[in-house]
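Asker: Construct the entire structure; sequences and hints are all you get.
2 protein chains.
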Amino acid sequence: MPNMTIKDIARISGCSVSTISRVINDRPDVRPETKEHVLKVMRDAGFVPNTNARQLKIQQSRSLAFVVKGTRNIFFSDFLVQLQRAATLYGYNGIVSYLDENANEIDAAEKILREIKPKGMIFLGGSVSNFQKGFASISVPSVLATLVSDKLNFPNLSMVGVDDRAASYQAVSYLIQQGHSKIAVLGGPVTSYPSMMRREGAQQAMRDAGIQFNDNLYGLSNYDFESAYHAMNSLLARRAEFTALFAMSDVIAFGAIRALVSAGFRVPEDVSVIGFDGITMSRYCVPVMTTIVQPSEQIALQSIELLVRQIEHGAPAQTITLQPELQRGESVRAI
Amino acid sequence: MPNMTIKDIARISGCSVSTISRVINDRPDVRPETKEHVLKVMRDAGFVPNTNARQLKIQQSRSLAFVVKGTRNIFFSDFLVQLQRAATLYGYNGIVSYLDENANEIDAAEKILREIKPKGMIFLGGSVSNFQKGFASISVPSVLATLVSDKLNFPNLSMVGVDDRAASYQAVSYLIQQGHSKIAVLGGPVTSYPSMMRREGAQQAMRDAGIQFNDNLYGLSNYDFESAYHAMNSLLARRAEFTALFAMSDVIAFGAIRALVSAGFRVPEDVSVIGFDGITMSRYCVPVMTTIVQPSEQIALQSIELLVRQIEHGAPAQTITLQPELQRGESVRAI
DNA sequence: CTGTTAGCGCATTCAG
DNA sequence: CTGAATGCGCTAACAG
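So the sequences go chain by chain: A and Y. Note that numbering that gives the first Met the number 0 has the first sequence beginning at 0, numbered continuously upward. Note that numbering that gives the first Met the number 0 has the second sequence beginning at 0, numbered continuously upward.
FYI, nobody ran anything at the bench for these hints, they're computed from the structure. Hints may be right or wrong, so weigh each one.
One copy or two, either will do: identical chains are not told apart, so a pair holds if it fits within one copy or between any two.
[As the list claims (entries may be wrong)] Below are the DMTMM-like pairs computed for lysine to aspartate or glutamate, each with C-alpha atoms no more than 20 Å apart in a straight line:
{"hint": "1", "residue 1": "34", "residue 2": "7"}
{"hint": "2", "residue 1": "110", "residue 2": "43"}
{"hint": "3", "residue 1": "116", "residue 2": "7"}
{"hint": "4", "residue 1": "56", "residue 2": "114"}
{"hint": "5", "residue 1": "110", "residue 2": "7"}
{"hint": "6", "residue 1": "39", "residue 2": "109"}
{"hint": "7", "residue 1": "39", "residue 2": "106"}
{"hint": "8", "residue 1": "6", "residue 2": "114"}
{"hint": "9", "residue 1": "34", "residue 2": "99"}
{"hint": "10", "residue 1": "181", "residue 2": "199"}
{"hint": "11", "residue 1": "181", "residue 2": "329"}
Here the structure is a predicted model, which is why all the values come from computation and not from measurement.
Answerer: In structure tokens:
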């Protein structure tokens with residue numbers, strides 16, 4: 000009898016279906032003995048409630064949707080594992096949905112919402128303008144992870160991440176402290192909010208140090224190895240002169256370093272490189288990457304906690320800004 | 000009107016619910032014009048069928064469970080994305096479940112089976128002995144991806160992967176061809192089937208070349224950076240002498256290289272390194288990794304195809320062995 | 001505390 | 001080709 004229903008359990012235990020339902024849902028209004036008895040019958044029969052029927056009835060699931068934009072970004076892969084773990088901790092199961100870099104995450108979210116009716120959503124990556132335009136239409140508790148923006152103000156959208164501008168200010172300041180003044184920057188397009196913030200932070204750091212930011216030293220790259228590799232090659236092709244590079248992610252840094260080395264430069268002897276994210280690889284590569292480490296485990300945990308509070312207690316959305324940390328590796332050299 | 004039902008569509012389109020249902024399920028017995036009309040109404044209304052109701056009715060889901068053992072293995076992260084993509088291609092949605100390295104994947108699978116009733120499962124990583132002991136109890140179509148073993152013979156368990164023994168034979172033979180004879184090996188424990196096969200292949204290659212395999216040159220490592228780093232340090236601590244290293248995964252190779260470099264060795268000048276897997280990073284690191292590339296996209300695609308055939312047409316389980324490819328990078332030097 | 005009953009949204013006979 | 005009616009398994013009033 001592999002597929003029992005609560006009816007069968009009701010029959011066997013001599014109770015009614017509603018009592019069984021109450022036991023399943025751990026309602027208080029069941030006599031302890033009855034509950035015990037029903038529980039035993041259920042165990043003996045190997046009964047498992049039908050999730051579909053349950054969810055059809057209550058119109059929602061116990062799942063969270065993780066919407067990931069940017070599948071080639073290793074930082075996100077790492078982060079997803081943490082999210083899953085945290086979700087499980089709170090009794091939810093996470094369903095991952097990968098999106099193309101140029102997909103619209105709001106449209107995708109709406110589709111997911113209708114299809115699987117998650118109780119909450121967590122967005123990894125995403126464009127602020129897409130959110131501004133469309134997020135109003137989605138009403139489930141949500142969290143935008145690894146991104147904090149003051150331009151987004153929705154009652155059901157929390158944000159958890161580091162202050163990208165401050166973090167990249169720190170990164171570039173570090174390069175400047177080490178004596179660099181010709182600093183190239185590699186990162187995402189202006190339509191990417193974190194990229195924009197990181198760029199602003201970088202420029203601010205230069206300005207504050209009296210260094211003129213040169214647009215010629217800015218290379219456009221997506222958050223993947225290949226794109227970064229090509230971006231650096233373009234920089235080199237136009238004879239950009241720099242002694243240091245700020246890459247807006249470790250993955251970008253790796254791709255860039257590969258291009259630099261292929262072109263005959265040494266890191267850090269000829270070019271110093273500082274990354275961003277602090278993926279595991281950054282600690283095991285040669286040279287060890289100097290990078291801004293995002294506290295990904297904390298971000299994941301806090302994201303889930305916030306989401307669960309929003310879901311279960313109707314808590315208001317919050318913005319949490321966590322502190323990144325500078326990992327002093329070997330990829331930056333003082334000059 | 001965020002939550003439409005087929006009833007609404009029926010009303011708007013002037014048809015009955017059954018016609019709508021037929022259109023949704025792409026049944027042939029609907030007049031083309033009617034179908035077109037209904038389709039238009041559905042699009043205009045942004046209607047999405049309720050998955051729960053549908054699945055409750057047809058008593059099965061359209062989801063596949065991906066059971067991943069080993070969250071720190073970047074190769075699996077890459078691979079999962081491919082699996083998701085392939086699943087979507089076939090109209091299924093994949094649900095990922097991450098397991099601890101020392102969890103029992105069969106127990107986990109049984110739980111997943113009861114909870115979400117997937118139509119099929121794909122296992123990433125897993126111990127052959129666990130399968131031998133417990134897989135008989137699970138009856139849904141399954142695929143063991145990236146692992147091929149002749150010790151597993153279940154009517155509902157397909158396997159897709161490379162011939163680990165042959166592949167590592169190739170890897171070590173390559174080192175030997177390059178003049179190496181003192182070859183260290185870093186890899187998983189004997190309880191890991193791929194590790195065992197890769198070890199056997201490596202030893203065979205050495206035997207065939209008349210090289211004595213020295214147990215002192217074998218280091219035990221899990222498939223993560225840190226473990227590999229420590230394993231290499233142990234090898235160095237016991238003054239193992241070698242000019243080349245066969246690492247059973249790229250991640251292991253990276254961890255080992257980091258340890259080597261820290262100890263003052265250069266790669267490949269002092270020690271040549273060959274890896275396994277061919278993760279994206281292997282092409283963008285310095286030096287570019289010489290490695291055995293698993294055709295992960297193919298493995299993912301074939302795994303899903305096989306699974307879908309088993310599910311939809313009751314096709315028998317199959318074993319598919321794919322050819323890996325040697326990526327000649329810069330981490331191996333002839334001596 | 002417990003039982004009866006009416007749907008949740010959809011697929012599917014069975015009649016037209 | 002199309003429509004009306006039934007029930008999948010479960011929860012939640014409502015009525016004892």
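Asker: Taking the hints in turn, state whether each one holds.
Answerer: Now the hints, each set against the structure:
1. 34 x 7: within (16 Å within a copy, 41 Å between copies)
2. 110 x 43: Only across copies: residue 110 and residue 43 sit 14 Å apart there, 40 Å inside one copy, limit 20 Å.
3. 116 x 7: between (29 Å within a copy, 19 Å between copies)
4. 56 x 114: both (15 Å within a copy, 16 Å between copies)
5. 110 x 7: This pair counts as between: shortest inter-copy Cα distance 18 Å, intra-copy 36 Å.
6. 39 x 109: Only across copies: residue 39 and residue 109 sit 19 Å apart there, 41 Å inside one copy, limit 20 Å.
7. 39 x 106: between (46 Å within a copy, 19 Å between copies)
8. 6 x 114: The answer is between: 17 Å across copies meets 20 Å, while 28 Å in one copy does not.
9. 34 x 99: For residue 34 and residue 99, the Cα distance exceeds 20 Å both inside one copy (49 Å) and across copies (31 Å).
10. 181 x 199: within (17 Å within a copy, 53 Å between copies)
11. 181 x 329: Classified as within; 19 Å inside a copy, 31 Å across copies.
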